[in-house]
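So the protein sequences, as listed, match chains H and U. Per my numbering, the first sequence runs over residues 25 to 248. Per my numbering, the second sequence runs over residues 25 to 248.
If you're looking for bench data, these hints aren't it; they were derived computationally from the structure. A portion of the hints provided could be inaccurate.
Copies of one chain are not kept apart here, so a pair can be met inside one copy or by any two copies together.
[As the list claims (entries may be wrong)] Only pairs whose alpha carbons sit at most 16 Å apart, straight line, appear in this in silico EDC-like list of lysine to aspartate or glutamate: (1) K135 to D223; (2) K193 to D109; (3) K39 to D223; (4) K193 to D223; (5) K248 to D223; (6) K230 to D109; (7) K34 to D109; (8) K230 to E169; (9) K247 to E221; (10) K168 to D197; (11) K138 to D102; (12) K242 to E215; (13) K193 to E212; (14) K157 to E220; (15) K138 to D111; (16) K168 to E42; (17) K157 to E244; (18) K69 to E215; (19) K59 to E99; (20) K168 to E238.
2 protein chains.
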Amino acid sequence: MSKNARDTFKQLPHKTIERLSQYRRALLICLNNNKEHIFSHEIAKIQHITPVQVRRDLMLIGYSGTLRRGYNIRELIDVIAEIIDSDQGINVAIVGMGNLGRAMINYFSGKRHKLSIVAGFDTNPDKIGQLVKGVTCYDALNMKEVIQNENIEIGIITVPVIQTTATAKQLVDAGIKGILNYTPKPVEVPENVYLEEYDMITTLEKVAFYVKMENELKDELAKK
Amino acid sequence: MSKNARDTFKQLPHKTIERLSQYRRALLICLNNNKEHIFSHEIAKIQHITPVQVRRDLMLIGYSGTLRRGYNIRELIDVIAEIIDSDQGINVAIVGMGNLGRAMINYFSGKRHKLSIVAGFDTNPDKIGQLVKGVTCYDALNMKEVIQNENIEIGIITVPVIQTTATAKQLVDAGIKGILNYTPKPVEVPENVYLEEYDMITTLEKVAFYVKMENELKDELAKK
DNA sequence: ATAGTTTTGTTAAATTTTTCACAAATAGTT
DNA sequence: AACTATTTGTGAAAAATTTAACAAAACTAT
Numbered sequence: 025m026s027k028n029a030r031d032t033f034k035q036l037p038h039k040t041i042e043r044l045s046q047y048r049r050a051l052l053i054c055l056n057n058n059k060e061h062i063f064s065h066e067i068a069k070i071q072h073i074t075p076v077q078v079r080r081d082l083m084l085i086g087y088s089g090t091l092r093r094g095y096n097i098r099e100l101i102d103v104i105a106e107i108i109d110s111d112q113g114i115n116v117a118i119v120g121m122g123n124l125g126r127a128m129i130n131y132f133s134g135k136r137h138k139l140s141i142v143a144g145f146d147t148n149p150d151k152i153g154q155l156v157k158g159v160t161c162y163d164a165l166n167m168k169e170v171i172q173n174e175n176i177e178i179g180i181i182t183v184p185v186i187q188t189t190a191t192a193k194q195l196v197d198a199g200i201k202g203i204l205n206y207t208p209k210p211v212e213v214p215e216n217v218y219l220e221e222y223d224m225i226t227t228l229e230k231v232a233f234y235v236k237m238e239n240e241l242k243d244e245l246a247k248k
Numbered sequence: 025m026s027k028n029a030r031d032t033f034k035q036l037p038h039k040t041i042e043r044l045s046q047y048r049r050a051l052l053i054c055l056n057n058n059k060e061h062i063f064s065h066e067i068a069k070i071q072h073i074t075p076v077q078v079r080r081d082l083m084l085i086g087y088s089g090t091l092r093r094g095y096n097i098r099e100l101i102d103v104i105a106e107i108i109d110s111d112q113g114i115n116v117a118i119v120g121m122g123n124l125g126r127a128m129i130n131y132f133s134g135k136r137h138k139l140s141i142v143a144g145f146d147t148n149p150d151k152i153g154q155l156v157k158g159v160t161c162y163d164a165l166n167m168k169e170v171i172q173n174e175n176i177e178i179g180i181i182t183v184p185v186i187q188t189t190a191t192a193k194q195l196v197d198a199g200i201k202g203i204l205n206y207t208p209k210p211v212e213v214p215e216n217v218y219l220e221e222y223d224m225i226t227t228l229e230k231v232a233f234y235v236k237m238e239n240e241l242k243d244e245l246a247k248k
């Protein structure tokens, strides 16, 4: 890839990055339907967004479709991969092999070539040494060693909330470069570590809020 | 609550709604630290945002703090509850009692008064009838009946991806009002159903992208 | 051929979201 | 009582994101 191209990609809007990943996911599903091309409005429908949004995103990454035929699915998948995947691949570890950690491993297993979950960690002796879909669960005490030996760059935190802060610290100390925190306790990391946090309760409460709004709207209309 | 207040809340930015839920989460944790007040910059630090953002959000909901003393934690929690919680409470069902479904139940258990997971569904006979943290797992065949009897308004989809579409249809047919889809397959719902989708791979790929960018930046600097 | 339709690519406008900048207030200090 | 350091609340500006609008191209049907 040329240096200029890379520089362009660095400035892609955050939202576009997220959608590119989603486009690829949708495109991979479409691959099976022995269709060669796809229209912006088809992608948009799947993702619940507008066709313009899709076209703008693809414009930003410099990919062009064919007039009246749309985008070549295979090609577009490759172009997206070129942008969001790392050439050498990136290794990921799950810290916390409870329900959520195992869910992530199962869910992710073999889905992406360039992004692999290569290790799990836990403190529970019953779990240490076990395999989940080919992923070994290591003792959390050996985190630093394993992370460095296995060249792990991203850590996903799925421990009980009480252990969140300590886990984040361990990961940072081990030289991790990105953290995805699924516990409801926000963590602090040095600014050279990329951090993404997600709390399922927040999302659920958001859904509940809009359901509540809809209910109240209906109640008011009923009164009149 | 007055009608005008409600109308104001309806127009709150989506992002503000999400943050309110997060503020409450942070405030609930702070309650234990026998501190009565909290400053905007303290909340901001926890949430990795700016103090202005916090103040603006609180301004939008019409809550005022005290100059030089900040916001009353207890009060603020109540004000936020007034906005995002539903008076009568909202019942939630988990469809798919695999690792992810069980993780959600464990994780959520007893955390919110006004939002309760009251049922789980699965098709696996081994799981049907089981209890997870007090939540009964019902046969997915009885979904409509249970949802209507238990007055369930929100469904969380945590089934294997192959069952996603059918599950969403079942929920919609049962009269659900909000769906939170955790599978990587987007669903279609009528427009009177509020839909939120979340794919863990998308988030992980986003983290990977920014880690990759950081790596490349470092490589370039090293060359010079 | 020609007309009609559909789709892309993109500039410009609109909207949403965040940040700046600063007045007003207040607690603590001298 | 005066001074200093902080903090809130908010109008205005800036930045980010989405949408509108439409020219240009290409396929279809006549």
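Classify it for me, K193 with D223: is the Cα-Cα distance of at most 16 Å met within a copy, between copies, both or neither? Result: close neither inside a copy nor across copies, 19 Å intra and 26 Å inter.
Identical-chain pair category, K59 with E99, by Cα at 16 Å: Intra 13 Å, inter 57 Å, cutoff 16 Å: intra-copy only.
K230 and E169: within-copy, between-copy, both or neither at 16 Å Cα: Classified as neither; 40 Å inside a copy, 26 Å across copies.
Is the C-alpha distance from K157 to E244 at most 16 Å within one copy, between copies, in both cases, or in neither? Neither way: K157 and E244 sit 52 Å apart in one copy and 37 Å across, limit 16 Å.
Is it within a copy, between copies, both, or neither that the alpha carbon of K193 lies no farther than 16 Å from that of E212? within (8 Å within a copy, 41 Å between copies)
Within, between, both or neither, where K168 and E238 count as close if Cα-Cα is 16 Å or less: neither (49 Å within a copy, 21 Å between copies)
Under a CA distance limit of 16 Å, which applies to K69 and E215: within one copy, between copies, both, or neither? between (37 Å within a copy, 13 Å between copies)
Could you figure out if K168 and D197 sit no more than 16 Å apart (CA to CA) within one copy, between two copies, both or neither? So K168 and D197 pass the 16 Å test inside one copy only (7 Å; across, 50 Å).
Between copies, within a copy, both or neither: which fits K39 and D223 at Cα up to 16 Å? Classified as between; 14 Å across copies, 19 Å inside a copy.
One pair to classify: K247 and E221, alpha carbons no more than 16 Å apart. Within, between, both, or neither? Answer is neither; intra-copy 42 Å and inter-copy 33 Å both fail.
For K230 vs D109, is the C-alpha pair at or below 16 Å within one copy, between two copies, both, or neither? Between copies, since 10 Å is at most 16 Å while 31 Å is not.
How would you classify K248 and D223 at a CA-CA limit of 16 Å: within, between, both, or neither? neither (39 Å within a copy, 41 Å between copies)
Hint compliance for this structure: hints 2, 4, 5, 8, 9, 14, 16, 17, 20 are broken, all remaining hints hold.
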